[in-house]
Amino acid sequence: MKYLDEYRDHRIARALAAEIVQSTTRPWVLMEICGGQTHTIMRYGLDELLPRGIELVHGPGCPVCVTPLETVDKAIALALRPDVILVSYGDMLRVPGSHSDLFRAKAQGADVRIAYSPTEAVKIARQNPDRKVVFLAIGFETTAPANAMAAWQAKREGLTNFSLLVSHVLVPPAIRALMVSRSNRVQGFIAPGHVCTVMGCKEYESLVRDFRVPIVVGGFEPVDILEAVLMLVRQLEAGEARLENQYVRSVSYQGNVPAQEIMAEVFEIADQKWRGIGPIPQSGLRLRKEYAAYDADLAFDLGEMTVDEPAECISAQVLQGLKKPTDCAAFGMRCTPENPLGAPMVSSEGACAAYYHYRRHAVAK
Amino acid sequence: MSTKTDAEIKFELSCPAPLPVRDTILLGHGSGGKLSAELIRDVFLPAFQNPVLARLDDQAIVNVNGQRLAMTTDSFVVKPLFFPGGDIGSLAVHGTVNDLAMGGATPLFLSAAFIIEEGFSMEELRRVVNSLRAAAAKAGVHVVTGDTKVVEKGKGDGLFINTTGIGLVPEGVDLSADRARPGDKVILSGSIGDHGIAILAQREGLEFETQIESDSAALHTLVAAMLGVKGDIRCMRDPTRGGVSSTLNEIAERSQVGIELVESSLPIHEQVRGACELLGLDPLYVANEGKLIAIVAPEGVDAVLQAVRRHPLGAEAQIVGTVTKENRGLVTMRTPLGTTRVVDMLAGDQLPRIC
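Chains as they are written, first to last, in the working numbering: chain A, 1 to 365; chain B, 366 to 720.
Source of the hints: derived by calculation from the structure; they are not laboratory data.
Among these hints, one or two may not hold up.
Calculated cross-link-like contacts (lysine to aspartate or glutamate; reagent style EDC-like; alpha-carbon spacing at most 16 Å) [unchecked claim]:
no. : chain 1 : residue 1 : chain 2 : residue 2
1   : A       : 106       : B       : 388
2   : A       : 2         : B       : 574
3   : B       : 690       : B       : 635
4   : A       : 2         : B       : 635
5   : B       : 520       : B       : 483
6   : A       : 132       : A       : 120
7   : A       : 273       : A       : 70
8   : A       : 123       : B       : 574
9   : A       : 323       : A       : 55
10  : A       : 2         : B       : 642
Some but not every residue of chain B turned toward chain A, in silico, with C-beta under 10 Å [stated by the list, open to error]:
no. : residue
11  : 388
12  : 390
13  : 398
14  : 399
15  : 571
16  : 629
17  : 645
18  : 703
19  : 704
Yeah, the Cβ is synthetic: ideal placement off N, Cα and C, and Gly gets one too.
Extracted from the complex, chain B is given alone in its bound form (with noise of 0.2 Å):
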């Protein structure tokens, strides 16, 4: 297959024009990408404004009667509804917990609302509830208020869940994206990739050796465990949609920062690494349901870091960063072979490669 022309071609420059802004929702603005930071920015803050909201965090926390309330809240639409290592109810539970426990509190009581599609099977819907039922007697929460909407067959997708959170901050607690310093340790508490992996594998039907399993899981006593310890933690995050890159991003940015990471130092469980590179995807991108990221000042970070090993969420966790002076805003990564890298914060989601 080769062609004997040898006569010059003439190259014609020629170049797309740029397509007119976005007048339509479009999936990647639900993706924690840059879109998702877009459309917070251009619709929702401008609409409510008020300094609570302004700080950004995964949770609102608020002064009510000298107490410091913590709220948050968070839908699940999660496909399949089953998946190996939990399931779209004990996920509405972990999901809200969690981003109430990376403000430091300690999380109370929920609210579940359903929204289910008409024709959706009982059978199921008894699995959902029992799995949300039992995932929030493990975290010690109460669901205490509920709301059940049915919709038009074709009109949902057979099941979304809604939780909302409510938690006290003890006090003494300050954990704000805001906060980073130069000098500051990232922990990770361990590795990443797995609840994402763990879905597309079983959407899309794909097998491997062993099966990888969502890492899903509450993360409040593993929170309350690194605050018992003496060590000025800064922030806390949970990467959740976006992956480690998305939330390490939005600290850097918040805290008018550079976060240097080590890739050498970031755990990745081997299955995952094989599939993403079969996949053509950056672990660093993909969703976790049982991992924080935790900025924290130099001096107690060793104390913080056995805190976080100590618990049994946290046996693979590593310091995997530090926060720097330069490059204000972005998120670096020295490479194995000494050079350095741009980890960028995606436009949307992933997209798996072509070849």
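So that you can see chain A by itself, here it is in the shape it has in the complex (with noise of 0.2 Å):
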């Protein structure tokens, strides 16, 4: 398969690697940040190739993982309602809230439905007219243009019956939020491809700057992410730190206008708390009040929900890339995908879920 094949060919991934090993000379710790670099780097056992002193930790980057408890709860009390047809993505189904799932939900006998794209749920709510369609708008800026569009549409066609449950995360403020940790280890960031092919490069040149951190632009494939490692790699240990693009057949400096522009008309930044890690300020997206209409949290007046999360699993660290997930005392024990303590468990994008899906030979010896 074109653009498939090429960047996940052997051979390349062994020169790549190779050529990591040679330029290697002192430990570096460098994270991903996306989940779905995380499912690569396991499915592909990419980090076996490296040389040992090169420690990849994970990153946040998983839209399932960091969308907050109340968020969770909210959708399955929404879908709860007679009158409401919750939309989702398919990998929240089986996110726990504080007490139950979606699929749960669905099994009490709500309508809640999965679609691949939010304009699904906007034609839901046109051939519904007499229900009240509810999308459960999460992820990060890689979603945000399409979850907007949704919104766009809605207001143009003057549909009533249609809302957004909106928990947006942006990658930059988190970035930053992880270097003025004083528990920060990183030296080195894999930035998202998906997001920056939204949003271009030119929003991590601040971060360069700032904090005098690389930071390589990433792709998917395993022969991205090594190229991606070599690029960091050899900045490290030339003492550099500039902002590259690995992902180049994606992502421009720019990125996408007129998808930076829908997200611009509908959403706003806000504060945003991060599910296993807190409220990290100007992280996040809201409607604007244009769009007031379109917002769940106001049409249905869900009030506050505060929950109060035990401090049973670790997935706050494995979030921020202070421990492995088999680190927890409870991974694969108490912890698995059928009985996820913590969201990194359940969708395949979480770290969690990556290592025990691939991994648990490795750590059975």
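Got two chains here, separate frames each, mind docking them using the hints?
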């Protein structure tokens, strides 16, 4: 398959791994931001190809994992209302809320539907004028334009039975938060290629400058990730800190301008809570005043749901790259994809699930 | 879109509490994955406990007057009812015939029970029945008994079919999921994922350059051809719900062995690969309805593979892996990069990823 096979070619991957070995003289701690990248690293065992000194730690870029518990609880509460059809991306359905998940709500009779695109939710609203259709609009900058488009389309059509339950997060403020944290160990970042396809590389310039930390925008195939690691190692070994783009076949400096415009038309930047991490100022998106009619939080008067999460699992440290999933005593024992303690064990992009699915044999040894 | 706050943020260490034990049936309990296994283990096995059931193969084999009778049952709830490469009628024959065939049995008789929702189109019912008849005739089995129930509008989803099958196991044939031994080879009879992706594409209205067709087919003649050559076939399974991964995990668990797959040897059609990439699915977990997996002792494996390849349903067959002493109860896969990963059994259905 073109644009895939050449980026999974084992000869190219091995050559890159050999070059990384040659270029490395000291230990370095690198973080891949995106859960999709973590998934590739585990699926192909890329860390086994790296020299021992290169440690890859896994970042907070799993949209399902960082969606706050309150949002999951709100979605479940909405789904259980008989007048509501709740539409969601597939992998949100198994994420545990305080007491339930959307799959269980569905089993109790809630009308929960999976969509591949938020515009499908708009279509469902059009077809069901007597029901209220709520789309669970979560994710990073990657899903924000499509979610914005759904609100824009609903407004243009004058739909009155459609709304978004919004929980959007942004990558650059999260990197900033990680860098200013006293416990930070990360010396270089692989920035998320899909997010940058939308936003461009330009947002990352100030992070490189402010923290003198190298950032390489990377893709999602094995060759992409190894090449991004090599680019970071070369910079670190040379004492440099620059912004580089490995994922040139998809990412430009300016990004997808029309996508950014529709985001800016519908959303504005706001403070946001990240599950497992906590509140990060100006790190999320909320609907603008002009789109208040499409805000499920307002339309349904859900109130402030406050939930206390007991410090049972270590997903907070995992999402900050401070610990590996296998450092958790519950990993694979009390915490499995069937009975997840935390969201990173649920989504295929979650670091714990990636370790569980692909790495148990290594753990067992 | 960036922020200017450089003050250190206090991270809250927080994580959700575990959810209470499952008290309702979830869709995942029907996925053929871990939830299904849990349901069988916790609810059905304790209730019906007996040595025949305890084998947990695709069919029961019972001794009646010196004859080994194979019996199996399967319910069909596929949506849409008609899909490229088949429909619920032909599938109801193939599914049950294949479950008999995986025990090495010659399928003989079927029952067919129809649960129909009030208001269902008579014309569609005729089409389904005709297709079921044609598939049974082609497979050489007779539908000898049946049942009809009509449920109120809204109490069923159009049409469900259950078929039960009976067949005879020839002398000397002994296939069971607990017979895999280290050193055995894993034969896969052809490309994987075709059925599941054909159904998904039809259901979601996804279009590809060329249509992906379900592989739905009766496998008993292929099985007979395989049993006809010299070679010790330990076990056969058709990787339906839950896909190749669930089937191999079951065998690894039942035989207490490891199974190592070689990723580059897996036959996957380009269209199916493309669809899986697009939807964020792994073909190893996608359903098949016309493929089988055979665990074969190393001595006769080439003869068995040749027999499979000579059959029209096995032209793309490959040896895709080896049974190992290591990693007992686990299925692993050697990637093209030379690294190894676990091929896990899924908890429930595969969920499309957000991005």
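Hint by hint, here is what the structure shows:
1. Distance restraint check for residue 106 (chain A) and residue 388 (chain B): the Cα-Cα separation of roughly 13 Å lies within the 16 Å cut-off, and the hinted pair is therefore satisfied.
2. Distance hint between residue 2 (chain A) and residue 574 (chain B) is fulfilled; the C-alpha atoms sit about 15 Å from each other, no more than 16 Å.
3. For the suggested pair residue 690 (chain B) and residue 635 (chain B), the alpha carbons sit about 33 Å apart, so the restraint of at most 16 Å is broken.
4. Distance check on the hinted pair: residue 2 (chain A) and residue 635 (chain B) sit about 11 Å apart at the alpha-carbon level, within 16 Å; holds.
5. For the proposed pair residue 520 (chain B) and residue 483 (chain B), the alpha carbon gap of about 9 Å is at most 16 Å, so the pair holds.
6. A C-alpha spacing of about 14 Å is found between residue 132 (chain A) and residue 120 (chain A), which places the hinted pair at or below 16 Å, so the restraint holds.
7. Under the criterion of a C-alpha separation no larger than 16 Å, the hint pairing residue 273 (chain A) with residue 70 (chain A) is consistent with the structure, at around 10 Å.
8. Restraint check: the Cα-Cα separation between residue 123 (chain A) and residue 574 (chain B) comes to about 25 Å, which exceeds 16 Å; the hinted pair is violated.
9. Note on residue 323 (chain A) and residue 55 (chain A): the hinted pairing holds, with a Cα-Cα distance of about 12 Å set against a maximum of 16 Å.
10. This hinted pair checks out: residue 2 (chain A) and residue 642 (chain B) have alpha carbons roughly 12 Å apart, not beyond 16 Å.
11. Below 10 Å, beta-carbon pairs count as interface contacts, and residue 388 (chain B) has one with chain A at about 9 Å; its hint therefore holds.
12. For the restraint placing residue 390 (chain B) at the interface with chain A, the shortest Cβ-Cβ distance is roughly 6 Å, inside the 10 Å limit, so the hint holds.
13. With a cut of 10 Å, the hint placing residue 398 (chain B) at the interface with chain A holds, because the nearest CB-to-CB distance is about 9 Å.
14. Interface restraint check: residue 399 (chain B) against chain A, minimum CB-CB distance 5 Å, threshold 10 Å, status holds.
15. Given hint, residue 571 (chain B) at the interface with chain A, holds; its Cβ is 9 Å from that chain's nearest Cβ, closer than 10 Å.
16. Here the hint on residue 629 (chain B) is kept, as its CB sits about 9 Å from the closest CB of chain A, short of 10 Å.
17. This hint holds: residue 645 (chain B) has a C-beta 7 Å from the nearest C-beta of chain A, less than the 10 Å allowed.
18. Evaluation of the residue 703 (chain B) hint against chain A yields a held restraint, the C-beta minimum of about 7 Å falling below 10 Å.
19. Checking residue 704 (chain B) against chain A: minimum C-beta separation of about 3 Å stays under 10 Å; hint holds.
Hints 3, 8 from the list above are not met by this structure, while the remaining hints are.
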